[in-house]
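One line per chain: the protein sequences are X and S, in this order. The first sequence begins at 1 in our numbering and counts up by one. The second sequence begins at 1001 in our numbering and counts up by one.
A hint or two may mislead.
The list that follows gives simulated cross-link-like pairs (lysine-lysine, DSSO-like), each with its CA atoms no further than 30 Å apart [claimed, not checked]: (1) X:Lys99 with X:Lys63; (2) X:Lys3 with S:Lys1014; (3) S:Lys1057 with X:Lys99; (4) X:Lys59 with X:Lys71; (5) S:Lys1071 with X:Lys71; (6) X:Lys57 with X:Lys99; (7) X:Lys55 with X:Lys17; (8) X:Lys17 with S:Lys1009; (9) X:Lys107 with S:Lys1071; (10) X:Lys57 with X:Lys3; (11) S:Lys1009 with S:Lys1057; (12) S:Lys1071 with S:Lys1057; (13) X:Lys71 with S:Lys1057; (14) X:Lys57 with X:Lys107; (15) X:Lys71 with X:Lys55.
Chain S stretches covered by chain X per the calculated footprint, using a threshold of three residues with CB under 8 Å from any CB of chain X [as the list claims (entries may be wrong)]: (16) 1073-1085; (17) 1088-1095; (18) 1107-1114.
The following residues of chain S were derived to be distant from chain X, with all beta-carbon distances above 12 Å [unchecked claim]: (19) Lys1009; (20) Asn1028; (21) His1029.
Since the hints were made in silico from the structure, they are not lab data. All residues carry an ideal CB built from backbone N, CA and C; glycine is no exception.
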Amino acid sequence: SQKIEQNSEALNIQEGKTATLTCNYTNYSPAYLQWYRQDPGRGPVFLLLIRENEKEKRKERLKVTFDTTLKQSLFHITASQPADSATYLCALGVWGYQKVTFGIGTKLQVIP
Amino acid sequence: NAGVTQTPKFQVLKTGQSMTLQCAQDMNHNSMYWYRQDPGMGLRLIYYSASEGTTDKGEVPNGYNVSRLNKREFSLRLESAAPSQTSVYFCASSGSGTGYGNQPQHFGDGTRLSIL
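Okay, chain X solo, but in the shape it has when bound (with noise of 0.2 Å):
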C-alpha cells in the first residue's frame, strides 16, 4: 500500500542553522508534492509545490528538492528564526487528481 513517512519525532535547531525536514514515500509515483505549514489549533498553510520533473525549488529562505530515484523530498529552511517552530506537512498527488494524501508531519522547534 502508498506510505509517506515523515520523521514524527520533533526536530529541535538552533536559531539561525539550516533546519532539513524528510517526506520519504513507498509503493507511490507522485506527479508533484506540495509542503505544507501547521500552527498550533490552525489549520494547514500552503508553502511550496514541486513537480517531478523538477529537481528544486526555491522561495525566499525555503528550498524543496525532489528526487524520484530515492522517492525522497527534502525542505531545506535556511537562517532558521523561532517564527519558523510549527509542523511541516508534505503531501503528495498524481495529475488528474486534485485531492493528494499528506503525510503525518514534523514538528520543528527552533530554539533561539
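Based on the hints, put chain S in the right spot on chain X.
Same frame as chain X, now just chain S:
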C-alpha cells in the same frame, strides 16, 4: 479575505447524536475537501467534491455524509456520532488551474469535535 470558513469551531456531542459541520469558501474554487486529523495519523481525507454537483469518497468515509450545496458550500454530516469520530475536522478548497491537479489547498481553521 475570509478564505475558508468553518462552523462551529468547537462542539461536544453525545454518542448517537447527529450534527452537520458547515464549510464555505469565497475564492471561487471548484474543489472542496473534508479531512479529519488525529494524533499520529495525520490528515485523512473523508470526502471530496471535484466540482459542484459531484462528491466522492476519500480514505475514511464510513459514518459520514456530505452535501455540496453550491459552489461555495460543502457540509459534512455525522448521522449517529460515535466516540471514534472525536477528532479535529478540516475543510479545504482548491482551484483547477491550468493543469488539472497540483493546485494548493486552502484550509479553514477546523472544528474540534468531542463525542462522549
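Quiz prompt | Satisfaction of hint between Lys107 of chain X and Lys57 of chain X, Cα-Cα up to 30 Å | solution = Judged against 30 Å, a Cα distance of about 22 Å means the pair holds.
Quiz prompt | Straight-line alpha-carbon gap Lys59 of chain X to Lys71 of chain X, limit 30 Å | solution = holds (22 Å)
Quiz item: Is the hinted pair Lys1057 of chain S and Lys99 of chain X satisfied, with a Cα-Cα distance of at most 30 Å?
Solution: holds (11 Å)
Quiz item: Hey, Lys107 of chain X versus Lys1071 of chain S, does the alpha-carbon distance stay inside 30 Å?
Solution: violated (34 Å)
Exercise. With 12 Å as the threshold, tell me whether Asn1028 of chain S passes as away from chain X on beta-carbon distances.
Key: holds (15 Å)
Quiz prompt | Lys71 of chain X paired with Lys55 of chain X [C-alpha distance capped at 30 Å] | solution = Since the Cα atoms of Lys71 of chain X and Lys55 of chain X sit roughly 12 Å apart, the hinted pair holds (cutoff 30 Å).
Quiz item: Is the hinted pair Lys57 of chain X and Lys99 of chain X satisfied, with a Cα-Cα distance of at most 30 Å?
Solution: holds (22 Å)
Quiz item: Are the Cα atoms of Lys1009 of chain S and Lys1057 of chain S separated by 30 Å or less?
Solution: holds (24 Å)
Self-check item: Pairwise hint evaluation, Lys1009 of chain S against Lys17 of chain X, where the allowed Cα distance is 30 Å at most
Solution: Distance of about 37 Å is beyond 30 Å: violated.
Quiz item: Checking the smallest CB distance to chain X, is Lys1009 of chain S really beyond 12 Å?
Solution: Check fails; 10 Å does not lie beyond 12 Å.
Practice problem: Apply the coverage criterion to the stretch 1107-1114 of chain S and chain X: a residue qualifies when its Cβ sits closer than 8 Å to a Cβ of the chain, and three qualifying residues are needed. | Solution: The restraint on the stretch 1107-1114 of chain S holds, since 4 of its residues have a Cβ under 8 Å from chain X and three suffice.
Quiz item: Given the proposed pairing of Lys71 of chain X with Lys1057 of chain S, does the C-alpha separation stay at or below 30 Å?
Solution: holds (27 Å)
The structure fails hints 2, 5, 8, 9, 16, 19 and 21 (numbered hints given earlier, in ascending order).
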